[in-house]
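Letter by letter, the chains look like this.
There are 2 protein chains.
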Amino acid sequence: MNNRQIVIASLPTDKLQADNFALRTTPAPTPAEGEVLCRTLVLTVAAGQRAGLQGSASYAGAPRTGVVMGGSAVARVVASNAPDVDVGALVACPSGWQDYSVHPAAAVRVVEDEGDPAHHLGVYGTNGLTAYFGLFDIGEPKNGQTVVVSAAAGSVGHLVGQLAKIAGCRVIGVAGGDEKCRLLTEQLGFDAAVNYRAPDFRDAFRNACAGGVDIYFDNTGGEILGGALRRMKPGGRIVCCGVVSQYDTSNPAPGPRGVPGLLINNQVRMEGFLVFAYAARYAEGRSKLREWVKAGRLRPLQDEFRGLEETPRAFIDMLGGGNVGTRIVRVGD
Amino acid sequence: MNNRQIVIASLPTDKLQADNFALRTTPAPTPAEGEVLCRTLVLTVAAGQRAGLQGSASYAGAPRTGVVMGGSAVARVVASNAPDVDVGALVACPSGWQDYSVHPAAAVRVVEDEGDPAHHLGVYGTNGLTAYFGLFDIGEPKNGQTVVVSAAAGSVGHLVGQLAKIAGCRVIGVAGGDEKCRLLTEQLGFDAAVNYRAPDFRDAFRNACAGGVDIYFDNTGGEILGGALRRMKPGGRIVCCGVVSQYDTSNPAPGPRGVPGLLINNQVRMEGFLVFAYAARYAEGRSKLREWVKAGRLRPLQDEFRGLEETPRAFIDMLGGGNVGTRIVRVGD
Chain A
2 MNNRQIVIAS LPTDKLQADN FALRTTPAPT PAEGEVLCRT LVLTVAAGQR
52 AGLQGSASYA GAPRTGVVMG GSAVARVVAS NAPDVDVGAL VACPSGWQDY
102 SVHPAAAVRV VEDEGDPAHH LGVYGTNGLT AYFGLFDIGE PKNGQTVVVS
152 AAAGSVGHLV GQLAKIAGCR VIGVAGGDEK CRLLTEQLGF DAAVNYRAPD
202 FRDAFRNACA GGVDIYFDNT GGEILGGALR RMKPGGRIVC CGVVSQYDTS
252 NPAPGPRGVP GLLINNQVRM EGFLVFAYAA RYAEGRSKLR EWVKAGRLRP
302 LQDEFRGLEE TPRAFIDMLG GGNVGTRIVR VGD
Chain B
2 MNNRQIVIAS LPTDKLQADN FALRTTPAPT PAEGEVLCRT LVLTVAAGQR
52 AGLQGSASYA GAPRTGVVMG GSAVARVVAS NAPDVDVGAL VACPSGWQDY
102 SVHPAAAVRV VEDEGDPAHH LGVYGTNGLT AYFGLFDIGE PKNGQTVVVS
152 AAAGSVGHLV GQLAKIAGCR VIGVAGGDEK CRLLTEQLGF DAAVNYRAPD
202 FRDAFRNACA GGVDIYFDNT GGEILGGALR RMKPGGRIVC CGVVSQYDTS
252 NPAPGPRGVP GLLINNQVRM EGFLVFAYAA RYAEGRSKLR EWVKAGRLRP
302 LQDEFRGLEE TPRAFIDMLG GGNVGTRIVR VGD
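If you're matching them up, the sequences are chains A and B in order. Take the first sequence: its letters are residues 2 to 334, numbered as in this note's numbering. Take the second sequence: its letters are residues 2 to 334, numbered as in this note's numbering.
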């Protein structure tokens with residue numbers, strides 16, 4: 002049985018290119034004692050993975066070439082050498098970009114085999130949990146407060162905005178393009194949306210935030226962070242979740258002016274987090290998210306590519322802001 | 002009765018100069034109903050006041066020329082038109098840089114008339130309270146953790162380091178000059194001190210922080226903040242208290258690289274505060290500080306200038322790092 006794998010052929014020197022990846026075919030691995038063999042059904046690509054390809058080590062460790070690109074999937078167990086995971090089970094696993102992967106049973110999580118398996122990568126996966134813990138635990142939204150989200154049509158952002166609405170907040174989304182902005186206000190319940198690619202972005206952003214910002218959920222860093230910093234209310238919180246404006250480059254911009262001066266003057270808390278720190282509370286997060294999805298209060302979005310070989314393109318396009326919601330790649334059936 | 006006043010003659014265009022101030026003599030004011038007339042005994046100058054002279058409004062509001070320079074003093078009540086404050090009382094008040102000032106009785110605070118009145122401006126004044134609430138409430142030190150303080154021989158820093166020792170932490174001070182560094186380790190109990198003016202500062206700082214930093218108490222911003230950001234442990238806290246490296250300039254530096262990326266990767270909280278937010282808890286803070294001073298566990302330092310006319314020089318010299326501990330100016334007896 003063949004296993005197609007997408008490996009890191011070279012590290013990007015500036016913007017990531019398709020030829021930084023290569024397709025390789027090897028025999029599918031055999032599960033050892035206590036392991037399972039998983040057939041990848043759906044992969045997700047996440048902007049934060051680009052940080053892992055930067056020269057300096059990120060939270061994911063220093064990047065290496067010649068290895069299978071990492072990534073999360075929902076997969077079908079096709080062979081099992083572990084007593085507690087049956088063949089046929091649907092699991093979430095850190096498959097990497099390949100058709101087949103083996104894992105110790107403890108490294109896979111059996112998920113509900115109902116509906117679209119991709120939801121386990123989006124709203125019930127890392128994206129949903131990131132939105133949930135980032136907004137509620139770091140952001141601490143209160144009824145009536147104003148929340149700004151960047152990359153608001155993105156995999157995490159579109160959920161953050163809807164969760165903030167559930168919390169009773171006024172929500173302003175920042176997204177790239179008028180179409181995304183319309184989606185946010187017309188379909189996802191955002192109160193306002195501002196297109197950061199429009200020539201009048203600064204004015205439009207200032208107007209949308211005229212009453213001040215209590216929580217800025219930052220997925221981008223860069224200029225939008227700089228603008229939000231100047232609009233924070235006293236006691237405001239900046240949830241540092243991602244820096245997509247800085248991932249796909251070898252020359253990161255300096256930090257925003259006004260750090261730390263504006264943090265002091267406006268008594269602002271700016272806090273970075275990794276969702277993995279909340280692993281012990283994932284069940285709580287998933288249960289809440291499921292409740293809101295089932296009640297029709299939270300609408301998860303995704304967009305799709307088809308075929309393992311399309312994964313690099315799906316990833317690169319996403320780094321340019323091409324995605325709406327969680328970007329997934331359908332790999333197998 | 003004459004009142005000498007130091008007024009803001011012009012706003013600084015780059016570094017603050019003595020001729021940005023002017024001495025003016027007017028008749029001493031008369032207290033209206035409910036007011037007291039105060040004779041300034043001791044003034045303090047604080048680096049944060051420089052921010053109030055910058056073109057853009059700080060927390061103190063936009064700067065104006067032709068007005069008496071603001072500032073805190075301990076003063077003697079020499080005339081009273083208020084039933085609850087007697088002539089002869091020693092009070093802390095927002096006198097500004099002048100010999101006499103009038104205040105509503107509610108704007109002055111009667112203080113213990115015992116020992117050096119300057120302590121009410123240092124360890125029991127804004128400096129001590131800033132160190133106390135900043136370290137304990139924002140920094141949340143735990144026994145055995147590592148705390149780094151910048152401007153560590155300064156008005157707030159020398160207290161922060163000693164409070165962190167009381168909390169059972171390992172304390173590293175960053176100060177300008179070998180003499181200050183010796184003072185910190187030999188007399189104030191700091192575990193290590195690093196001279197940021199030494200040519201090997203970066204290496205020395207890296208070595209001192211080799212085990213990682215739990216709390217960085219930032220009084221300076223700039224390069225030291227940038228270095229500390231790279232040394233923070235997961236879950237670390239950066240207490241944003243002051244930005245003395247950026248006050249005395251019209252061209253503030255960009256923010257430190259790695260904001261927000263390093264905050265995310267290392268799950269770091271960076272939080273700005275103004276001590277005024279803790280006004281309701283000042284009594285608690287003063288009582289703790291007094292207890293530690295009396296027990297000999299906290300040693301407040303101050304240095305002195307003499308004469309109201311010396312206040313601009315005392316202030317400008319402090320902005321260049323000339324002070325050790327709280328800088329005060331003795332104005333009257």
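Among the hints, a few may not be true.
One copy or any two copies: either way a pair holds, since identical chains are not told apart in the list.
List time: in silico SDA-like cross-link candidates among lysine to any residue, alpha-carbon distance up to 20 Å [stated by the list, open to error]:
#, residue 1, residue 2
1, Lys166, Asn144
2, Lys166, Asp85
3, Lys234, Tyr279
Treat the hints as calculated values from the structure; they're not laboratory data. Predicted model, so just to flag it, every value in this text is computed and none were measured.
Outcome of the hint check:
Only within a single protomer do Lys166 and Asn144 lie at most 20 Å apart by alpha-carbon distance; the minimum there is 9 Å, versus 41 Å between protomers. Within a single copy, Lys166 and Asp85 get their C-alpha atoms no closer than 40 Å, and across copies no closer than 51 Å, so neither meets the 20 Å cut-off. In the homo-oligomer, the alpha carbons of Lys234 and Tyr279 lie at most 20 Å apart only across protomers (17 Å), although the nearest pairing inside one protomer, at 28 Å, exceeds that limit.
In summary, the one numbered hint that this structure violates is 2.
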